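S.K.: As a plain string of letters, each chain reads:
2 protein chains.
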Amino acid sequence: MSYNAPVKDMLFVLKELAGIDAVATLPGFEDAGFDTAQAVLDECAKLSGEVIAPLNVEGDRAPSSWRDGEVTATPGFPEAFRQYVEGGWQGLQHPSEFGGQALPKLIATPCIEMLNAANLSFALCPLLTDGAIEALLTAGSDALKSRYVPKLISGEWTGTMNLTEPQAGSDLALVRSRAEPQGDGTYKVFGTKIFITWGEHDMAENIVHLVLARTPNAPEGVKGISLFVVPKFLVNDDGSLGARNDVHCVSIEHKLGIKASPTAVLQYGDNGGAIGYLVGEENRGLEYMFIMMNAARFGVGMQGVGVAERAYQKAVAYAKERVQSRPVDGSLKQSATIIHHPDVRRMLGSMRAMTEGARALAYVAAAHSDTAHYHADADVRARHLAIYEFLVPIVKGWSTEMVNEVASLGVQVHGGMGFIEETGAAQYYRDARILAIYEGTTAIQANDLVGRKTVRDGGAVAKALLAEIAQTAEALGAAGGAAAESMRVQLEKGARSFANVVDYVLANVKRDPNAVFAGSVPYLKLAGIVLCGWQMARAMLVSQRELANDPEFHGAKIAIAQFYAEHILAQAGGLETSIVAAKGDASVLALSEVQF
Amino acid sequence: MSYNAPVKDMLFVLKELAGIDAVATLPGFEDAGFDTAQAVLDECAKLSGEVIAPLNVEGDRAPSSWRDGEVTATPGFPEAFRQYVEGGWQGLQHPSEFGGQALPKLIATPCIEMLNAANLSFALCPLLTDGAIEALLTAGSDALKSRYVPKLISGEWTGTMNLTEPQAGSDLALVRSRAEPQGDGTYKVFGTKIFITWGEHDMAENIVHLVLARTPNAPEGVKGISLFVVPKFLVNDDGSLGARNDVHCVSIEHKLGIKASPTAVLQYGDNGGAIGYLVGEENRGLEYMFIMMNAARFGVGMQGVGVAERAYQKAVAYAKERVQSRPVDGSLKQSATIIHHPDVRRMLGSMRAMTEGARALAYVAAAHSDTAHYHADADVRARHLAIYEFLVPIVKGWSTEMVNEVASLGVQVHGGMGFIEETGAAQYYRDARILAIYEGTTAIQANDLVGRKTVRDGGAVAKALLAEIAQTAEALGAAGGAAAESMRVQLEKGARSFANVVDYVLANVKRDPNAVFAGSVPYLKLAGIVLCGWQMARAMLVSQRELANDPEFHGAKIAIAQFYAEHILAQAGGLETSIVAAKGDASVLALSEVQF
Chain A
1 MSYNAPVKDM
11 LFVLKELAGI
21 DAVATLPGFE
31 DAGFDTAQAV
41 LDECAKLSGE
51 VIAPLNVEGD
61 RAPSSWRDGE
71 VTATPGFPEA
81 FRQYVEGGWQ
91 GLQHPSEFGG
101 QALPKLIATP
111 CIEMLNAANL
121 SFALCPLLTD
131 GAIEALLTAG
141 SDALKSRYVP
151 KLISGEWTGT
161 MNLTEPQAGS
171 DLALVRSRAE
181 PQGDGTYKVF
191 GTKIFITWGE
201 HDMAENIVHL
211 VLARTPNAPE
221 GVKGISLFVV
231 PKFLVNDDGS
241 LGARNDVHCV
251 SIEHKLGIKA
261 SPTAVLQYGD
271 NGGAIGYLVG
281 EENRGLEYMF
291 IMMNAARFGV
301 GMQGVGVAER
311 AYQKAVAYAK
321 ERVQSRPVDG
331 SLKQSATIIH
341 HPDVRRMLGS
351 MRAMTEGARA
361 LAYVAAAHSD
371 TAHYHADADV
381 RARHLAIYEF
391 LVPIVKGWST
401 EMVNEVASLG
411 VQVHGGMGFI
421 EETGAAQYYR
431 DARILAIYEG
441 TTAIQANDLV
451 GRKTVRDGGA
461 VAKALLAEIA
471 QTAEALGAAG
481 GAAAESMRVQ
491 LEKGARSFAN
501 VVDYVLANVK
511 RDPNAVFAGS
521 VPYLKLAGIV
531 LCGWQMARAM
541 LVSQRELAND
551 PEFHGAKIAI
561 AQFYAEHILA
571 QAGGLETSIV
581 AAKGDASVLA
591 LSEVQF
Chain B
1 MSYNAPVKDM
11 LFVLKELAGI
21 DAVATLPGFE
31 DAGFDTAQAV
41 LDECAKLSGE
51 VIAPLNVEGD
61 RAPSSWRDGE
71 VTATPGFPEA
81 FRQYVEGGWQ
91 GLQHPSEFGG
101 QALPKLIATP
111 CIEMLNAANL
121 SFALCPLLTD
131 GAIEALLTAG
141 SDALKSRYVP
151 KLISGEWTGT
161 MNLTEPQAGS
171 DLALVRSRAE
181 PQGDGTYKVF
191 GTKIFITWGE
201 HDMAENIVHL
211 VLARTPNAPE
221 GVKGISLFVV
231 PKFLVNDDGS
241 LGARNDVHCV
251 SIEHKLGIKA
261 SPTAVLQYGD
271 NGGAIGYLVG
281 EENRGLEYMF
291 IMMNAARFGV
301 GMQGVGVAER
311 AYQKAVAYAK
321 ERVQSRPVDG
331 SLKQSATIIH
341 HPDVRRMLGS
351 MRAMTEGARA
361 LAYVAAAHSD
371 TAHYHADADV
381 RARHLAIYEF
391 LVPIVKGWST
401 EMVNEVASLG
411 VQVHGGMGFI
421 EETGAAQYYR
431 DARILAIYEG
441 TTAIQANDLV
451 GRKTVRDGGA
461 VAKALLAEIA
471 QTAEALGAAG
481 GAAAESMRVQ
491 LEKGARSFAN
501 VVDYVLANVK
511 RDPNAVFAGS
521 VPYLKLAGIV
531 LCGWQMARAM
541 LVSQRELAND
551 PEFHGAKIAI
561 AQFYAEHILA
571 QAGGLETSIV
581 AAKGDASVLA
591 LSEVQF
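Heads up: the protein sequence lines correspond to chains A and B, in order.
Under full-length UniProt numbering, the first residue of the first sequence is numbered 1, with each subsequent residue one higher.
Under full-length UniProt numbering, the first residue of the second sequence is numbered 1, with each subsequent residue one higher.
I should point out that these hints are in silico values taken from the structure, not numbers from a laboratory.
Where hints are given, some of them may not hold.
For chains that are exact copies, the list does not tell them apart, and a pair is met inside one copy or across any two.
Capping the alpha-carbon separation at 35 Å, the derived lysine-lysine pairs in DSBU-like fashion look like this [what the hints assert, rightly or not]:
| # | residue 1 | residue 2 |
| --- | --- | --- |
| 1 | Lys493 | Lys46 |
| 2 | Lys493 | Lys510 |
| 3 | Lys493 | Lys15 |
| 4 | Lys493 | Lys463 |
| 5 | Lys223 | Lys46 |
| 6 | Lys320 | Lys510 |
| 7 | Lys46 | Lys333 |
| 8 | Lys223 | Lys320 |
| 9 | Lys188 | Lys463 |
| 10 | Lys188 | Lys333 |
| 11 | Lys333 | Lys510 |
| 12 | Lys223 | Lys333 |
| 13 | Lys333 | Lys463 |
| 14 | Lys46 | Lys463 |
| 15 | Lys493 | Lys145 |
| 16 | Lys145 | Lys46 |
| 17 | Lys510 | Lys223 |
| 18 | Lys46 | Lys188 |
| 19 | Lys8 | Lys223 |
| 20 | Lys188 | Lys15 |
| 21 | Lys333 | Lys493 |
| 22 | Lys145 | Lys188 |
Bear in mind the structure is a predicted one, so any value in this text is a computation, not a measurement.
Kindly generate the complete structure, drawing on both the sequences and the hints.
M.R.: Shown next, in the form of structure tokens:
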């Protein structure tokens with residue numbers, strides 16, 4: 001099988017690091033404990049490995065195709081999607097009153113990882129549908145909810161997010177699409193939207209577009225943007241499908257990767273106007289879109305973890321099979337499989353350490369999200385929500401930056417074969433490259449981390465996390481042994497860099513915003529490295545305790561955590577220097593435009 | 001124009017860092033001073049920018065194609081190659097007795113950079129021809145030289161290197177191709193060679209394959225490999241072309257990048273045996289191949305610099321044109337071009353700093369090569385040869401690792417457009433990915449750096465370079481100013497890490513080779529970062545002195561050098577930790593094969 005979901009690793013994180021037992025004490029999640037998680041993950045692993053993963057290469061070789069406004073998905077995709085829908089997977093984390101299974105995000109998250117590892121292009125379709133569901137549940141009227149949400153949750157219909165226009169990418173203030181009220185409560189929508197993932201396809205009978213547009217006389221900028229539902233087919237009062245709406249796919253993009261997922265240019269209103277329905281209140285569209293986007297950003301972080309895991313599995317398989325050169329230590333007189341070579345070990349170790357660290361942090365964030373939404377006590381909810389929101393840009397930004405490195409190492413392990421498309425390692429490298437871009441580039445995540453997540457609360461969440469890290473470091477000191485000691489040293493150094501940078505950001509952001517924001521991406525990477533390292537440290541403590549119960553499994557966890565400390569955490573100091581040294585608009589900010 | 005060769009930057013390095021004036025004092029190079037360099041570079045910039053660069057996108061969209069054993073190059077390539085040949089560019093650095101121009105490597109090197117920046121696929125063909133020329137000049141008989149070298153130097157014929165077989169990549173001990181002596185001084189060659197760049201094409205009338213094969217009763221392993229010339233068409237005594245030889249292209253690869261350069265599978269001897277001619281002595285093939293390979297490795301390093309420069313130019317152009325979001329410092333009330341945003345500056349600064357550093361180190365290495373080959377004093381030659389050989393794996397390894405990062409940043413600057421193939425940024429990302437793999441992966445370069453270049457001489461060259469770095473640091477201290485001080489601090493820190501690692505390698509390589517070689521790639525990166533940083537420091541000193549003469553140019557040099565110090569040199573400490581911490585087979589080497 002080309003992808004074996006690492007269910008044992010995932011359950012380890014769920015139980016030992018993210019606290020599934022505590023999540024199962026939240027109201028409504030009484031039946032969603034470890035056993036449920038295990039059953040769901042096993043089932044999802046089967047679907048991912050047997051049905052969806054084999055289509056991944058197919059999608060790259062026979063991308064979705066456009067003809068006369070219609071998009072045909074890669075052969076096999078519609079049938080696999082049907083199985084996904086029939087299994088009820090789209091409803092995993094959505095409310096039971098609309099037909100969902102109402103499971104915790106903590107259980108849904110490993111499933112999302114598996115689907116994306118199996119097939120990034122495929123999994124994008126449900127990911128966008130999740131976003132549409134979130135937005136409608138949060139801001140939609142009861143009428144909109146009852147008309148659209150059950151069909152989205154069942155998977156019969158799919159959803160999209162329509163933000164980007166040719167002139168408006170990261171900068172939504174520049175959105176020009178417009179919506180004219182028709183007096184009957186509906187609107188007519190006009191405009192061009194680009195980069196619309198699964199914006200047109202033949203896997204579902206209807207597509208529910210969520211579209212940002214301006215009403216007449218709306219204020220300039222982001223405060224004048226409203227959110228509309230624009231279905232591909234209008235929906236009759238009895239729920240049956242009516243007329244084709246005036247939204248058409250005029251082309252799809254030719255991309256570096258994720259070729260099976262059609263990236264559509266959608267034209268609204270060329271034939272009189274596309275009928276749209278306002279979601280929530282006028283001019284609050286951006287706020288609602290951020291709800292979708294936060295869910296989607298977390299999901300993109302999981303895409304990074306998923307592709308990293310898949311690239312790792314492929315590289316390991318190759319390294320165990322390919323025979324080349326004698327071991328440097330002279331232990332064999334003939335050529336050995338390349339997994340015997342120290343640099344191959346280092347590459348595989350880097351891939352695994354970064355993947356495991358990012359997975360652990362994301363699952364921990366998912367548990368915070370569950371507590372933030374379902375705990376009985378409002379103060380507890382607020383505290384966990386603040387942590388979750390701090391972690392979202394890091395899960396998104398760091399997981400997607402790290403997967404570029406991991407997928408590149410995957411190619412490198414394959415040597416010359418890695419550059420040949422038939423091998424498959426290159427597809428992960430190409431596919432992964434979009435992740436640090438869409439749903440907000442790493443710089444956009446980093447701006448969010450600096451502005452809304454660090455400066456706004458005076459660094460309160462960051463400092464609370466640092467206090468927890470200090471406790472873990474103390475436990476490492478008490479645990480003893482070379483691995484724990486090495487981890488303690490690097491974790492403390494990393495935490496000190498993190499703390500110094502938080503102080504620097506707080507002290508300088510008003511006085512010298514250019515310098516602080518020039519360091520925002522290094523800050524995000526530093527935070528990601530240290531927070532993932534903290535999870536690796538916690539895993540190490542658990543595995544030291546449990547070692548005798550499963551020496552092979554826990555021994556590997558300890559060794560990979562130590563590797564993380566010495567190879568990944570060790571980068572923290574350099575990042576601190578590049579952030580802090582940027583003060584006073586030094587070096588690159590000093591160049592004028594013509595000097596570039 | 002899609003590529004403007006940075007001639008002013010190149011000449012700055014030639015003159016101020018690599019010492020073209022000193023090279024022009026070497027016997028035979030009296031006419032090859034700064035003025036000659038300027039004239040040659042200007043001419044090459046024209047050819048590269050106007051003729052060769054425009055074909056780069058073409059080559060990606062319409063790759064070379066195979067049919068019935070024949071390969072047709074991308075439309076436009078043969079005509080451009082004809083212009084390249086007519087301009088005498090292939091002979092730039094080759095001896096005048098065979099028709100070359102006998103210019104220093106220092107002048108040829110920027111030209112090689114330009115050609116590769118313009119079109120990596122195109123430039124690979126001359127690069128391989130250069131290797132074939134080197135091997136024949138070094139080891140070939142007079143008969144072989146006079147028959148093949150003039151046609152190769154003129155560019156009428158092209159050359160290839162045939163090392164790899166399906167089971168023998170990095171490990172040439174596994175080569176199985178065989179050569180049977182025919183009693184008349186010729187051999188019949190049999191076997192399959194893969195990954196043969198420009199192994200078959202229609203741009204030249206003949207192709208001269210240099211092929212590794214075993215003679216009957218040759219010893220096992222690398223000591224039983226001989227080198228043969230196998231021309232595509234046999235050459236008559238009068239120099240005219242004779243019969244088609246029994247070497248045939250059975251397929252070409254479908255690759256991630258450099259799609260215009262055909263990567264051939266060559267079948268030797270399916271119809272009775274391909275006629276081959278022994279180069280030098282039997283069983284010394286690997287030694288001769290290393291001559292080609294060292295030249296080719298340096299050339300691949302220049303490919304890294306070239307693609308990095310091109311990716312930088314494209315990213316700058318986009319950043320100056322794309323309007324998106326207001327500046328974070330509130331200095332504008334409307335959206336600005338993205339070059340105003342601090343993180344875009346940081347990305348462009350990283351791209352430029354790494355590119356300039358790698359360029360400077362490579363040109364400095366080229367000057368050492370010239371002195372090593374042409375200085376009148378044998379001791380001086382030997383000293384410079386040792387430095388050049390130390391630098392080759394670093395130029396190859398570091399330039400090609402850095403270009404992956406630079407090309408990735410280039411995609412990132414373009415945001416979503418970077419992922420769309422029509423934009424062109426993605427091509428550099430794909431093309432560049434082979435560079436850290438072919439002509440020896442980064443791990444192979446790193447093994448060379450550790451074994452042959454550091455351990456064998458007891459670290460003598462490394463320590464000599466460190467002594468020079470110390471002098472530069474001292475000069476920075478004397479120069480004064482914030483930029484020089486920041487550079488001094490980071491350069492001294494980096495040099496200390498470099499020195500510590502050299503000591504660690506020397507002390508532990510016998511006792512614990514696995515641990516040392518697990519740190520070999522980080523060591524190579526550390527050496528690359530520090531040695532390039534040293535060149536940036538030297539550039540800073542020159543530009544501080546010359547600032548008043550050209551404030552825009554030298555001001556940029558100072559700022560980029562400072563940026564290099566704070567963002568790139570700052571990574572040295574983390575690399576040191578990951579190398580030194582690996583001692584005692586810790587962490588990843590502790591995992592058994594089944595634990596991966």
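S.K.: All hints, please: hold or fail.
M.R.: Results for each hint:
| no. | hint | verdict |
| --- | --- | --- |
| 1 | Lys493 to Lys46 | neither (42 Å within a copy, 52 Å between copies) |
| 2 | Lys493 to Lys510 | both (27 Å within a copy, 31 Å between copies) |
| 3 | Lys493 to Lys15 | within (28 Å within a copy, 43 Å between copies) |
| 4 | Lys493 to Lys463 | both (15 Å within a copy, 30 Å between copies) |
| 5 | Lys223 to Lys46 | neither (46 Å within a copy, 51 Å between copies) |
| 6 | Lys320 to Lys510 | between (54 Å within a copy, 26 Å between copies) |
| 7 | Lys46 to Lys333 | neither (42 Å within a copy, 54 Å between copies) |
| 8 | Lys223 to Lys320 | between (56 Å within a copy, 27 Å between copies) |
| 9 | Lys188 to Lys463 | neither (49 Å within a copy, 74 Å between copies) |
| 10 | Lys188 to Lys333 | between (76 Å within a copy, 31 Å between copies) |
| 11 | Lys333 to Lys510 | between (64 Å within a copy, 18 Å between copies) |
| 12 | Lys223 to Lys333 | between (71 Å within a copy, 15 Å between copies) |
| 13 | Lys333 to Lys463 | between (55 Å within a copy, 34 Å between copies) |
| 14 | Lys46 to Lys463 | neither (41 Å within a copy, 57 Å between copies) |
| 15 | Lys493 to Lys145 | neither (50 Å within a copy, 61 Å between copies) |
| 16 | Lys145 to Lys46 | within (32 Å within a copy, 63 Å between copies) |
| 17 | Lys510 to Lys223 | within (24 Å within a copy, 67 Å between copies) |
| 18 | Lys46 to Lys188 | neither (44 Å within a copy, 54 Å between copies) |
| 19 | Lys8 to Lys223 | neither (47 Å within a copy, 48 Å between copies) |
| 20 | Lys188 to Lys15 | neither (50 Å within a copy, 66 Å between copies) |
| 21 | Lys333 to Lys493 | neither (42 Å within a copy, 41 Å between copies) |
| 22 | Lys145 to Lys188 | within (20 Å within a copy, 78 Å between copies) |
Violated hints for the displayed structure, listed by number in ascending order: 1, 5, 7, 9, 14, 15, 18, 19, 20 and 21.
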